[in-house]
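Given only the sequences and the hints, what does the whole structure look like? Please build it.
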Amino acid sequence: IGVCYFPLEYQGIFSTQAGVSGEKSHKYLQITILPDAIPVWGVCHEMNGPLVILRDSTGGEECFRCFHVTLQSPNVFQIFTEGIDKCYIKSKSAKTSCPTTAEIKNKIAREIMLYTSVQYNYFSNSQICSDDVFIGQIWNTQGRILDSDRKNCLVIGEYTGVLPDNPSLCAKLATDCRNPSMKYFTVYSCENSSQIFENIGVT
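For the sequence shown, the UniProt record's numbering gives the first residue as 1, with consecutive numbering after it.
One or more hints might be untrue.
Stated by the list, open to error - Calculated cross-link-like contacts (lysine-lysine; reagent style DSBU-like; alpha-carbon spacing at most 30 angstroms):
(1) Lys27 / Lys105
(2) Lys107 / Lys90
(3) Lys172 / Lys105
(4) Lys107 / Lys86
(5) Lys183 / Lys95
(6) Lys105 / Lys86
(7) Lys105 / Lys183
Calculated directly from the structure, the hints in this document are not laboratory data.
Structure below.
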(Lines of atoms letter the chains of each structure in order from A and count residues from 1; the text may use other names and numbers.)
(Lines give C-alpha, C1' and ligand atoms only; values in the text may rest on other atoms or scores of the structure.)
Protein backbone atom coordinates (compact mmCIF):
# COMPACT_ATOMS: atom_id res chain seq x y z
CA ILE A 1 0.00 0.00 0.00
CA GLY A 2 1.41 3.36 -1.02
CA VAL A 3 1.69 6.20 1.45
CA CYS A 4 2.58 9.87 1.17
CA TYR A 5 2.48 12.98 3.33
CA PHE A 6 1.25 16.51 2.78
CA PRO A 7 3.73 19.36 3.45
CA LEU A 8 3.19 21.21 6.73
CA GLU A 9 1.84 24.30 4.93
CA TYR A 10 -0.93 22.13 3.42
CA GLN A 11 -2.20 20.91 6.79
CA GLY A 12 -5.07 22.51 8.68
CA ILE A 13 -8.82 23.12 8.67
CA PHE A 14 -10.19 24.83 5.57
CA SER A 15 -13.54 26.20 4.40
CA THR A 16 -15.02 25.67 0.95
CA GLN A 17 -18.25 26.93 -0.58
CA ALA A 18 -20.82 24.12 -0.69
CA GLY A 19 -23.65 25.85 -2.54
CA VAL A 20 -26.06 28.74 -2.54
CA SER A 21 -28.71 28.73 0.17
CA GLY A 22 -30.18 32.11 -0.80
CA GLU A 23 -29.53 35.05 -3.06
CA LYS A 24 -26.75 36.56 -0.97
CA SER A 25 -25.80 33.78 1.43
CA HIS A 26 -23.67 30.71 0.87
CA LYS A 27 -23.15 27.43 2.71
CA TYR A 28 -19.62 26.48 3.66
CA LEU A 29 -18.13 23.08 4.49
CA GLN A 30 -15.04 22.42 6.57
CA ILE A 31 -12.32 20.29 4.98
CA THR A 32 -9.49 18.99 7.19
CA ILE A 33 -6.07 18.18 5.73
CA LEU A 34 -4.06 15.87 8.01
CA PRO A 35 -0.39 14.91 7.47
CA ASP A 36 -1.41 11.81 5.47
CA ALA A 37 -5.09 12.27 4.57
CA ILE A 38 -8.01 14.47 3.60
CA PRO A 39 -10.59 12.41 5.55
CA VAL A 40 -13.64 13.35 3.45
CA TRP A 41 -11.82 12.30 0.24
CA GLY A 42 -9.26 9.67 1.28
CA VAL A 43 -5.77 8.79 2.51
CA CYS A 44 -2.69 10.05 0.66
CA HIS A 45 -1.58 7.16 -1.59
CA GLU A 46 0.80 8.83 -4.03
CA MET A 47 2.01 12.36 -4.74
CA ASN A 48 3.80 13.67 -7.82
CA GLY A 49 4.20 17.45 -7.84
CA PRO A 50 0.71 19.00 -7.73
CA LEU A 51 -0.97 15.65 -8.50
CA VAL A 52 -2.21 13.65 -5.50
CA ILE A 53 -3.84 10.20 -5.55
CA LEU A 54 -6.12 9.60 -2.54
CA ARG A 55 -7.29 6.14 -1.44
CA ASP A 56 -10.87 6.00 -0.13
CA SER A 57 -12.15 3.00 1.87
CA THR A 58 -15.27 4.60 3.37
CA GLY A 59 -17.66 2.96 0.90
CA GLY A 60 -16.60 -0.56 1.91
CA GLU A 61 -14.62 -1.12 -1.30
CA GLU A 62 -11.29 0.64 -1.78
CA CYS A 63 -11.07 3.15 -4.62
CA PHE A 64 -8.81 5.99 -5.80
CA ARG A 65 -9.24 9.63 -6.86
CA CYS A 66 -6.82 12.11 -8.41
CA PHE A 67 -6.57 15.77 -7.36
CA HIS A 68 -4.47 18.62 -8.77
CA VAL A 69 -3.54 20.72 -5.71
CA THR A 70 -1.99 24.19 -5.89
CA LEU A 71 -1.18 26.50 -2.98
CA GLN A 72 -2.12 29.91 -4.42
CA SER A 73 -1.20 31.84 -1.26
CA PRO A 74 -0.45 30.90 2.37
CA ASN A 75 -4.21 30.84 3.00
CA VAL A 76 -5.77 29.73 -0.31
CA PHE A 77 -5.72 26.35 -2.10
CA GLN A 78 -6.95 25.74 -5.63
CA ILE A 79 -7.92 22.11 -6.28
CA PHE A 80 -8.99 20.54 -9.57
CA THR A 81 -10.51 17.08 -9.99
CA GLU A 82 -12.53 15.06 -12.48
CA GLY A 83 -15.26 14.95 -9.84
CA ILE A 84 -15.67 13.85 -6.23
CA ASP A 85 -18.20 11.24 -7.37
CA LYS A 86 -15.60 9.55 -9.63
CA CYS A 87 -13.57 6.88 -7.79
CA TYR A 88 -11.52 4.14 -9.50
CA ILE A 89 -10.77 0.59 -8.31
CA LYS A 90 -7.15 0.83 -9.53
CA SER A 91 -4.75 3.68 -8.77
CA LYS A 92 -3.45 3.44 -12.35
CA SER A 93 -6.94 4.30 -13.64
CA ALA A 94 -7.14 7.25 -11.22
CA LYS A 95 -3.82 8.56 -12.62
CA THR A 96 -5.26 8.67 -16.13
CA SER A 97 -8.14 10.78 -14.78
CA CYS A 98 -5.84 13.47 -13.33
CA PRO A 99 -6.83 16.92 -14.65
CA THR A 100 -4.55 18.05 -17.47
CA THR A 101 -3.29 21.60 -17.98
CA ALA A 102 -5.69 21.94 -20.93
CA GLU A 103 -8.68 20.71 -18.90
CA ILE A 104 -7.85 23.19 -16.14
CA LYS A 105 -7.33 26.06 -18.61
CA ASN A 106 -10.57 25.27 -20.47
CA LYS A 107 -12.49 24.88 -17.18
CA ILE A 108 -13.41 21.25 -17.91
CA ALA A 109 -12.05 20.00 -14.58
CA ARG A 110 -14.07 20.74 -11.45
CA GLU A 111 -12.53 23.51 -9.32
CA ILE A 112 -12.62 23.56 -5.51
CA MET A 113 -11.27 26.53 -3.54
CA LEU A 114 -10.15 26.01 0.07
CA TYR A 115 -9.63 28.93 2.47
CA THR A 116 -7.67 28.61 5.71
CA SER A 117 -9.66 28.33 8.96
CA VAL A 118 -7.00 26.82 11.27
CA GLN A 119 -3.41 25.81 10.52
CA TYR A 120 -1.81 22.87 12.33
CA ASN A 121 1.76 22.59 13.54
CA TYR A 122 2.20 18.84 13.95
CA PHE A 123 5.94 18.82 13.54
CA SER A 124 6.95 21.57 15.97
CA ASN A 125 9.50 19.74 18.12
CA SER A 126 12.17 21.42 20.22
CA GLN A 127 14.42 18.38 19.77
CA ILE A 128 14.39 18.87 16.01
CA CYS A 129 14.55 22.64 15.81
CA SER A 130 13.34 25.29 18.24
CA ASP A 131 10.58 27.61 17.01
CA ASP A 132 12.57 30.53 18.48
CA VAL A 133 15.10 30.14 15.66
CA PHE A 134 12.47 31.22 13.12
CA ILE A 135 10.94 34.22 14.91
CA GLY A 136 11.11 37.23 12.61
CA GLN A 137 12.35 35.10 9.71
CA ILE A 138 9.09 34.08 8.02
CA TRP A 139 9.44 34.09 4.22
CA ASN A 140 6.81 33.75 1.51
CA THR A 141 7.12 33.81 -2.27
CA GLN A 142 5.60 37.29 -2.47
CA GLY A 143 8.16 38.73 -0.05
CA ARG A 144 8.98 38.80 3.62
CA ILE A 145 6.11 39.58 5.96
CA LEU A 146 5.52 38.94 9.65
CA ASP A 147 3.69 35.73 10.50
CA SER A 148 1.00 37.68 12.38
CA ASP A 149 0.28 39.73 9.24
CA ARG A 150 0.13 36.62 7.06
CA LYS A 151 -2.44 34.85 9.23
CA ASN A 152 -4.78 37.83 9.23
CA CYS A 153 -4.77 38.23 5.45
CA LEU A 154 -7.02 35.59 3.88
CA VAL A 155 -6.40 36.35 0.21
CA ILE A 156 -3.07 37.88 -0.80
CA GLY A 157 -3.04 39.83 -4.07
CA GLU A 158 -5.62 39.78 -6.88
CA TYR A 159 -7.62 36.87 -8.30
CA THR A 160 -9.63 37.04 -11.51
CA GLY A 161 -12.05 34.68 -13.20
CA VAL A 162 -15.18 34.28 -15.31
CA LEU A 163 -18.66 34.13 -13.75
CA PRO A 164 -19.97 30.56 -14.27
CA ASP A 165 -23.55 31.75 -14.86
CA ASN A 166 -22.52 34.43 -17.38
CA PRO A 167 -19.21 33.79 -19.26
CA SER A 168 -19.30 37.30 -20.75
CA LEU A 169 -18.73 38.76 -17.27
CA CYS A 170 -15.43 38.64 -15.40
CA ALA A 171 -14.82 39.14 -11.68
CA LYS A 172 -11.85 40.28 -9.65
CA LEU A 173 -11.24 39.75 -5.92
CA ALA A 174 -8.50 41.78 -4.26
CA THR A 175 -7.31 42.58 -0.76
CA ASP A 176 -4.88 44.95 0.85
CA CYS A 177 -3.06 43.12 3.64
CA ARG A 178 -2.51 46.43 5.43
CA ASN A 179 -6.30 46.41 5.89
CA PRO A 180 -7.04 42.63 6.04
CA SER A 181 -10.69 43.00 7.04
CA MET A 182 -11.51 44.73 3.73
CA LYS A 183 -12.03 42.82 0.46
CA TYR A 184 -12.66 44.43 -2.94
CA PHE A 185 -14.93 42.70 -5.47
CA THR A 186 -15.43 43.94 -9.03
CA VAL A 187 -17.65 42.56 -11.84
CA TYR A 188 -16.89 43.83 -15.34
CA SER A 189 -17.26 42.98 -19.04
CA CYS A 190 -14.62 40.44 -20.14
CA GLU A 191 -14.35 42.18 -23.53
CA ASN A 192 -14.16 45.70 -22.09
CA SER A 193 -12.67 45.87 -18.59
CA SER A 194 -13.59 49.57 -18.32
CA GLN A 195 -17.29 48.58 -18.41
CA ILE A 196 -17.83 47.91 -14.68
CA PHE A 197 -21.16 46.56 -13.43
CA GLU A 198 -20.34 46.25 -9.73
CA ASN A 199 -17.44 47.53 -7.65
CA ILE A 200 -17.77 47.05 -3.91
CA GLY A 201 -15.62 46.92 -0.83
CA VAL A 202 -16.83 44.56 1.88
CA THR A 203 -15.63 43.88 5.41
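Taking the hints in turn, this is what the structure says about them:
The suggested pairing of Lys27 with Lys105 holds, with an alpha-carbon distance near 27 angstroms, which does not exceed 30 angstroms. As the CA atoms of Lys107 and Lys90 are separated by approximately 26 angstroms, the hinted pair is consistent with the 30 angstroms bound. A hinted pair counts as satisfied when its Cα atoms are at most 30 angstroms apart, and Lys172 with Lys105 qualifies at roughly 17 angstroms. Of the pairs offered as hints, the one joining Lys107 and Lys86 holds, with about 17 angstroms between alpha carbons and a cut-off of 30 angstroms not exceeded.
Taking the CA atoms of Lys183 and Lys95, the gap is near 38 angstroms; set against the 30 angstroms cutoff, the hint is violated. Straight-line distance between C-alpha atoms of Lys105 and Lys86 comes to about 21 angstroms, which keeps the hinted pair within the 30 angstroms bound. Note on Lys105 and Lys183: the hinted pairing holds, with a Cα-Cα distance of about 26 angstroms set against a maximum of 30 angstroms.
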